[in-house]
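Residue numbers (UniProt numbering): 1 to 673.
It is worth saying that the hints were derived from the structure and are not from the lab. Don't take each hint at face value.
As the list claims (entries may be wrong) - Listed below are the simulated DSBU-like cross-link pairs for lysine-lysine, each with C-alpha atoms no more than 35 Å apart in a straight line: (1) K177 to K83; (2) K242 to K219; (3) K177 to K219; (4) K43 to K177; (5) K156 to K66; (6) K77 to K156; (7) K442 to K242; (8) K628 to K352; (9) K466 to K442; (10) K202 to K466; (11) K65 to K43; (12) K65 to K352; (13) K273 to K242; (14) K94 to K204; (15) K65 to K156; (16) K202 to K61; (17) K219 to K204; (18) K61 to K43; (19) K94 to K56; (20) K596 to K219; (21) K505 to K633; (22) K425 to K442; (23) K352 to K466; (24) K77 to K61; (25) K177 to K425; (26) K77 to K65; (27) K587 to K204; (28) K271 to K352; (29) K83 to K156; (30) K83 to K56; (31) K202 to K275; (32) K156 to K61; (33) K242 to K204; (34) K242 to K61; (35) K466 to K505; (36) K204 to K442; (37) K466 to K275; (38) K352 to K442; (39) K242 to K275; (40) K156 to K219.
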Amino acid sequence: VESNNLDVKESDMETEEKGTEKESTKESDSNILDVSSDYPREKHISIQRHFADLEKLANLKEDEKKPCPLCAEERYKACYSHKLHRHLLNFHWKISVEFEGYRMCICYLPCHPVKPNLVGDQTLSKMGAHYHCIICSATITRRTDMISHINRHVNKGETESRFLAVPAPKYSHEVLKESATDVRVLPNYSTPQKTDSYFNPKMKLNRQLIFSALAVLAKERTPIECLDAFGATGIMGLQWAKHLRSSVRVTINDCNENSVAMIRENCHLNKMKVKLNTKEDDNDEAMGDEEENTIEVTKMDANVIMHLRAFDFIHLDPFGTTVNYLDSAFRNVRNLGIVSLTSTDNSSLYAKAQNVALRHYGCNIVRTEYYKELAARIVIAAVTRAAARCNKGIEVLLTVALEHFVLVVVRVLRGPSSADDSTRKIRYLIHCQWCEERIFQKEGNMVEENPYQQLPCDCHGSMPGKTAVVLGPLWSGALFNAGFLRRMYFEAVQYGLDGAQSLLKTVVCEAECTTLKRYSAPTPCEETKQEECGVYIKTPNTSPESSLVHGKRKTEEVFRNANKRQKAESSAEHPAFYYNIHRHSIKGMNMPKLNKFLNYLSEAGYRASRTHFDPMGVRTNAPLAQFKTVLMKYSTPTYGGGQAEDAEFLEDDRSGVTAVVFPKDCPPHYTAD
């Protein structure tokens with residue numbers, strides 16, 4: 001027993017010694033932390049907050065040569081202040097990595113170990129360019145690797161540096177206003193690579209078009225649940241909730257924590273009440289959940305929230321392609337709901353990166369005169385396939401392709417039969433590379449002996465080799481719904497969206513393939529007639545609200561009636577693609593004005609209209625040969641102001657080529673041309 005007691009005493013003494021050792025190590029660790037907490041005065045010189053601090057570090061003087069503080073003497077020799085200023089700005093500050101107000105500039109000092117290169121008996125010392133991490137003090141050679149390194153720290157929650165005790169400065173927020181909605185943005189808000197809350201003022205027209213489409217849907221059913229899957233600053237969802245009020249229940253989603261915080265601030269800035277619902281935290285911060293000005297803010301991946309919940313209206317606007325989110329968007333969208341998507345991967349859609357288009361959309365494309373419409377049909381084909389995988393079909397309501405984006409708005413039609421009808425409209429396109437004539441391939445799976453016979457032109461017979469390419473698969477159906485576009489125009493006038501009104505006028509005429517503009521602003525009491533561009537416009541007296549069932553979800557019969565109305569609104573399909581009048585002009589001839597040329601085509605018995613895809617484009621059902629014939633007939637010689645009255649136009653019925661025979665008194669230089 002005594003021996004056992006001695007053993008217990010010895011073990012107690014050992015534990016006390018271990019405890020004293022732990023306390024001593026804790027004291028030493030606390031001393032280390034105290035030393036590291038004083039790091040801002042001892043941090044690496046390549047980490048600075050302002051460019052002026054970097055200039056002070058160099059101690060610039062006008063009459064003296066000073067070395068660069070971030071470069072070794074072997075790399076950059078001492079120079080005067082003006083040259084050193086440019087060196088610090090261009091070679092260090094502009095290629096730095098920003099984190100919480102600090103800039104990690106590139107460093108060329110010999111603090112990064114570089115493997116020596118042995119050449120014979122000599123060792124070549126190389127100064128390696130590198131960055132110093134502000135969080136873990138690691139040295140990273142490449143800028144892209146440094147950004148990934150910082151992002152890994154942020155994903156792990158390691159945003160506070162042991163070497164940084166001074167709190168990061170608060171950003172100076174700038175408040176921007178658009179459509180009576182205020183949004184607070186961060187610096188560099190227009191550069192997505194440098195900010196979390198991306199806001200592009202050039203996309204104002206895009207936001208107005210989407211708002212008009214949502215306003216039309218809000219007249220069909222109420223309330224509707226709408227989702228802005230990529231909120232960024234939340235500007236789009238705020239406009240929905242502020243103007244449409246109780247007709248919509250807005251959900252703004254973003255997977256970035258900083259963006260979610262910015263969206264909440266902007267909601268409070270516009271006096272909107274926030275219902276916060278994040279994936280990690282199920283606590284709801286709601287002030288009056290059932291009130292009309294409540295916006296739900298979620299922090300999830302876009303695919304996750306679209307899989308979990310059903311919506312009536314979904315808008316997708318990622319940075320780049322939308323194909324990664326189409327399956328989730330059509331999974332739970334309600335019947336007769338609307339899905340709008342904005343694609344900004346213009347390099348692939350506009351045939352600048354054809355391999356990327358083949359990888360993302362599975363389409364073979366080349367650069368053509370109608371490349372913008374080709375891009376829109378590529379996107380719609382991808383949307384159709386994604387909807388068909390969920391046993392849903394689509395009806396295209398609006399298609400807009402401009403310089404910065406491609407916008408597609410479709411209505412969802414549930415059922416396998418609708419899906420089959422939509423997939424039948426995905427076909428290949430035969431494009432002649434000589435005259436740029438084009439035609440969709442005939443339906444059917446049988447292989448033709450000579451597919452060139454489908455083209456209206458005769459380039460294959462007169463030109464050697466292969467003259468045509470097969471593009472696609474593409475959407476071959478209509479790109480617009482004229483009735484829906486008219487109602488969009490009415491909503492744009494009602495809410496004062498000036499930018500969208502002019503575009504919708506052109507698109508309505510393009511949908512009907514006519515030069516007449518049959519639309520006007522709606523009046524609440526009576527039918528009005530308005531003259532615009534020499535055409536009388538009649539406003540309907542009926543309102544789409546007459547078919548609403550307030551307070552309840554529409555029955556199947558009401559849904560069926562709405563579907564029939566949508567089909568009745570869609571007029572005859574407009575011709576596919578368009579011709580650029582300058583592309584097919586005749587050398588030595590002055591072309592007629594575009595509006596007059598449209599009238600000439602109409603007088604010849606063809607449908608013709610302008611197109612928003614190309615300001616000098618003509619959408620017509622006339623073949624290219626007849627298009628050139630009419631263009632030649634009404635073109636005037638360059639030497640005179642009027643048309644040559646004595647000129648004769650001879651047309652070959654076999655080839656469609658028109659020859660012009662001028663009188664003898666024509667100048668010789670013109671007849672030679």
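Against the structure, the hints come out as follows:
For the hint linking K177 to K83, the alpha-carbon distance of about 42 Å lies beyond 35 Å, and the restraint is violated. Note on K242 and K219: the hinted pairing holds, with a Cα-Cα distance of about 16 Å set against a maximum of 35 Å. Of the supplied pair hints, the one linking K177 and K219 holds, its CA atoms being roughly 27 Å apart against a limit of 35 Å. Our distance criterion of 35 Å between C-alpha atoms is broken by K43 and K177, whose separation comes to about 41 Å.
Distance restraint check for K156 and K66: the Cα-Cα separation of roughly 42 Å exceeds the 35 Å cut-off, and the hinted pair is therefore not satisfied. A threshold of 35 Å between alpha carbons decides the hint, and for K77 with K156 the separation of about 41 Å lies outside it, so the pair is violated. Between K442 and K242 the alpha-carbon distance is near 49 Å, which puts this suggested pair outside the 35 Å criterion. For the hint linking K628 to K352, the alpha-carbon distance of about 29 Å falls within 35 Å, and the restraint holds.
The hinted pair formed by K466 and K442 meets the criterion: a straight-line CA distance of about 20 Å does not exceed 35 Å. The suggested pairing of K202 with K466 is violated, with an alpha-carbon distance near 42 Å, which exceeds 35 Å. At roughly 26 Å between alpha-carbon atoms, K65 and K43 fall within 35 Å of each other, so this suggested pair holds. Proposed proximity of K65 and K352 is contradicted: the alpha carbons are some 48 Å apart, above 35 Å.
Using a Cα cut-off of 35 Å, the hinted pair K273 and K242 holds, with the two alpha carbons roughly 11 Å apart. Restraint check for K94 and K204: satisfied, since their Cα atoms lie roughly 30 Å apart, inside the 35 Å limit. Taken as a hint, the K65 and K156 pair is broken in the structure, with Cα atoms around 45 Å apart against an allowance of 35 Å. Straight-line distance between C-alpha atoms of K202 and K61 comes to about 44 Å, which puts the hinted pair past the 35 Å bound.
Between K219 and K204 the CA atoms are separated by roughly 23 Å; this keeps the pair inside 35 Å, and the hint holds. Under the criterion of a C-alpha separation no larger than 35 Å, the hint pairing K61 with K43 is consistent with the structure, at around 25 Å. Annotation: proposed proximity of K94 to K56 holds, straight-line Cα distance about 17 Å (limit 35 Å). Under the criterion of a C-alpha separation no larger than 35 Å, the hint pairing K596 with K219 is inconsistent with the structure, at around 39 Å.
Taking the CA atoms of K505 and K633, the gap is about 30 Å. The hint holds against a cut of 35 Å. Simply put, K425 and K442 have alpha-carbon atoms about 11 Å apart, close enough for the 35 Å limit, and the pair holds. In summary, the hint linking K352 to K466 is supported, as the alpha carbons are separated by about 23 Å, within the 35 Å threshold. Between K77 and K61 the CA atoms are separated by roughly 16 Å; this keeps the pair inside 35 Å, and the hint holds.
Between the alpha carbons of K177 and K425 the distance comes to roughly 42 Å, so the proposed pair goes past 35 Å and is violated. Restraint check for K77 and K65: the C-alpha separation of about 9 Å stays at or below 35 Å, so the hint holds. Restraint check: the Cα-Cα separation between K587 and K204 comes to about 40 Å, which exceeds 35 Å; the hinted pair is violated. Only pairs whose Cα atoms come within 35 Å are accepted, and K271 paired with K352 is rejected, the gap being roughly 45 Å.
Taken as a hint, the K83 and K156 pair is broken in the structure, with Cα atoms around 42 Å apart against an allowance of 35 Å. Our distance criterion of 35 Å between C-alpha atoms is met by K83 and K56, whose separation comes to about 15 Å. Taking the CA atoms of K202 and K275, the gap is near 30 Å; set against the 35 Å cutoff, the hint holds. Among the hinted pairs, K156 with K61 is inconsistent with the structure: their alpha-carbon atoms are about 44 Å apart, more than 35 Å.
Distance check on the hinted pair: K242 and K204 sit about 16 Å apart at the alpha-carbon level, within 35 Å; holds. With a C-alpha separation of about 56 Å, the suggested pair K242 and K61 falls outside the 35 Å cut-off, and the hint is violated. Taking the CA atoms of K466 and K505, the gap is near 41 Å; set against the 35 Å cutoff, the hint is violated. Taking the CA atoms of K204 and K442, the gap is near 40 Å; set against the 35 Å cutoff, the hint is violated.
For the suggested pair K466 and K275, the alpha carbons sit about 62 Å apart, so the restraint of at most 35 Å is broken. For the suggested pair K352 and K442, the alpha carbons sit about 28 Å apart, so the restraint of at most 35 Å is met. Straight-line distance between C-alpha atoms of K242 and K275 comes to about 15 Å, which keeps the hinted pair within the 35 Å bound. At most 35 Å may separate the alpha-carbon atoms for a hinted pair to count; K156 and K219 exceed this at roughly 46 Å.
When each numbered hint is compared with the structure, violations occur for hints 1, 4, 5, 6, 7, 10, 12, 15, 16, 20, 25, 27, 28, 29, 32, 34, 35, 36, 37 and 40.
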